[in-house]
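Undergrad: Each residue of the sequence shown is one higher than the last, beginning at 38 in our numbering.
Hints may contain errors.
[To be verified] FRET-style restraints, in silico, Cβ to Cβ:
| id | residue 1 | residue 2 | range |
| --- | --- | --- | --- |
| 1 | Glu88 | Gly131 | 31 to 41 Å |
| 2 | Leu206 | Val160 | 51 to 61 Å |
| 3 | Arg85 | Glu176 | 17 to 27 Å |
| 4 | His279 | Glu80 | 44 to 54 Å |
| 5 | Val255 | Gly187 | 28 to 38 Å |
| 6 | Asn64 | Glu231 | 39 to 49 Å |
| 7 | Gly131 | Gly187 | 55 to 65 Å |
If you are wondering where the hints come from, they were derived from the structure by calculation, not from laboratory data. No residue lacks a Cβ here, since even glycine has one placed at the ideal position from N, Cα and C.
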Amino acid sequence: SNQMMKEVITTEGKLFNYDKIEYSINNITKILSDQGYAFVSIEPVFRRNAEDSTIDIDYVIQPSSKIYIDRIDITGNVRTVDKVIRREFRINEGDPFNASKIRRSEQRVNDLNYFEKVSIEPVRTENPDKVNLEVDVTEKSTGDINFGAGYSTTDGVLGRISIKERNLLGTGQELGLMYEKAQKKSNFDISYTENYFLDKEISVGFDIFNITQDRKTVSSYSSDSYGFKPKLSYDLTEYLTHYINYTFQSTNIKDTSFASRPIREQTGRTITSGIS
Numbered sequence: 038s039n040q041m042m043k044e045v046i047t048t049e050g051k052l053f054n055y056d057k058i059e060y061s062i063n064n065i066t067k068i069l070s071d072q073g074y075a076f077v078s079i080e081p082v083f084r085r086n087a088e089d090s091t092i093d094i095d096y097v098i099q100p101s102s103k104i105y106i107d108r109i110d111i112t113g114n115v116r117t118v119d120k121v122i123r124r125e126f127r128i129n130e131g132d133p134f135n136a137s138k139i140r141r142s143e144q145r146v147n148d149l150n151y152f153e154k155v156s157i158e159p160v161r162t163e164n165p166d167k168v169n170l171e172v173d174v175t176e177k178s179t180g181d182i183n184f185g186a187g188y189s190t191t192d193g194v195l196g197r198i199s200i201k202e203r204n205l206l207g208t209g210q211e212l213g214l215m216y217e218k219a220q221k222k223s224n225f226d227i228s229y230t231e232n233y234f235l236d237k238e239i240s241v242g243f244d245i246f247n248i249t250q251d252r253k254t255v256s257s258y259s260s261d262s263y264g265f266k267p268k269l270s271y272d273l274t275e276y277l278t279h280y281i282n283y284t285f286q287s288t289n290i291k292d293t294s295f296a297s298r299p300i301r302e303q304t305g306r307t308i309t310s311g312i313s
């Protein structure tokens, strides 16, 4: 086909280079694999012309029937449920063999960042027209815990702890907790994300937060805030994602008896709302 001819990088008039011949064979094999021919065999046949020191090359493709996917078997996921892995696949049981979709599926499972190793191998079955895909994964830790301490000229000595689990109970959900305490400030945040809401490629989540600040010795006021941040994302294309976030925040300014007039005028509760 014209597509295969474009992938042959050994062209007439160029110096003989066997590495380029191997590369051409690999390119043609990928094209045929994407068309369902999983185990195609391609052999280069050389004819040497001694008179003008040239070599003719024929790429001989051995006949092969189309191959279909019989089963997709997953092993090694001692913690992560099968569904979390299978939903990342771009090829399904019963589909024609397609090497590009298999490579993309392997990349997507890798991108989950739940596994140290991911491999997908086609294995022949008793039926010559069908193969199984053997998916082997190796789990890795998906939880993080961080401690921090420091000093701020505004808030004084502070400490911070945050905990995050990216694969909650092996379901692919995310849960995070953060607490920060200082002499003149405290901050608490909890976040949750469901990456496949209603088993669709839609990510839905939220943050809930509470912040209190004591500014009486600096600016003659104190404040407390609470709010939440719903968030939504979905794929526009295979490689492009659209995010929508909404923020609702309620802030109460108080203890302003000795504050300047502009601050006293802000005493009380205000609401902030925004979309990004």
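Undergrad: If a hint holds in the structure, say so; if it does not, say that too.
TA: Evaluation of the provided hints:
{"no.": "1", "hint": "Glu88 <-> Gly131: 31 to 41 Å", "result": "violated, 55 Å"}
{"no.": "2", "hint": "Leu206 <-> Val160: 51 to 61 Å", "result": "violated, 31 Å"}
{"no.": "3", "hint": "Arg85 <-> Glu176: 17 to 27 Å", "result": "violated, 54 Å"}
{"no.": "4", "hint": "His279 <-> Glu80: 44 to 54 Å", "result": "holds, 48 Å"}
{"no.": "5", "hint": "Val255 <-> Gly187: 28 to 38 Å", "result": "violated, 18 Å"}
{"no.": "6", "hint": "Asn64 <-> Glu231: 39 to 49 Å", "result": "holds, 41 Å"}
{"no.": "7", "hint": "Gly131 <-> Gly187: 55 to 65 Å", "result": "holds, 57 Å"}
Hints 1, 2, 3, 5 from the earlier list are contradicted by this structure; the remaining hints agree with it.
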